[in-house]
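Participant: Model the full assembly from the supplied sequences, consistent with the hints where possible.
Take the sequence shown: its letter number 1 is residue 1 in my numbering, and every next letter is one higher.
Calculated directly from the structure, the hints in this document are not laboratory data.
Zero decoy hints are in this set.
Distance ranges between label pairs, derived from CB positions: (1) 12 - 43: 27 to 35 angstroms; (2) 61 - 34: 12 to 20 angstroms; (3) 23 - 61: 17 to 25 angstroms; (4) 52 - 20: 15 to 23 angstroms; (5) 61 - 31: 16 to 24 angstroms; (6) 72 - 9: 26 to 34 angstroms; (7) 23 - 45: 13 to 21 angstroms.
Below, in silico cross-link-like pairs of lysine to any residue (SDA-like), each with a Cα-Cα straight-line distance of 25 angstroms or less: (8) 13 - 49; (9) 13 - 54; (10) 12 - 30; (11) 41 - 71; (12) 38 - 65; (13) 38 - 66.
Built from N, CA and C at the ideal position, the CB exists for glycine as well.
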Amino acid sequence: MSSLPTSLRGTKKSLQELAEFAISQGWAVHRTNGGHVKLTKGGYSPIFTSFTPSDHRAGLNARAQLRRAQATSRDGDSHVE
Numbered sequence: 001m002s003s004l005p006t007s008l009r010g011t012k013k014s015l016q017e018l019a020e021f022a023i024s025q026g027w028a029v030h031r032t033n034g035g036h037v038k039l040t041k042g043g044y045s046p047i048f049t050s051f052t053p054s055d056h057r058a059g060l061n062a063r064a065q066l067r068r069a070q071a072t073s074r075d076g077d078s079h080v081e
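Facilitator: Structure (structure tokens):
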């Protein structure tokens, strides 16, 4: 059984892996009306990525943004309340 939101099922494997990683880290994954994926977590700025990325690194870049957001929060710098 997948933990992916219904709106993300059937997408490219890289996007599915990104969503599963985000969910495992406590982020909520939503699809916007504009065709993007929005990753949200209380106290953090939202992170957006394309639903249909043309660059093979898009998923890796979004994953890096998630890690940086959480690392910054642990250091106490840019955590938004």
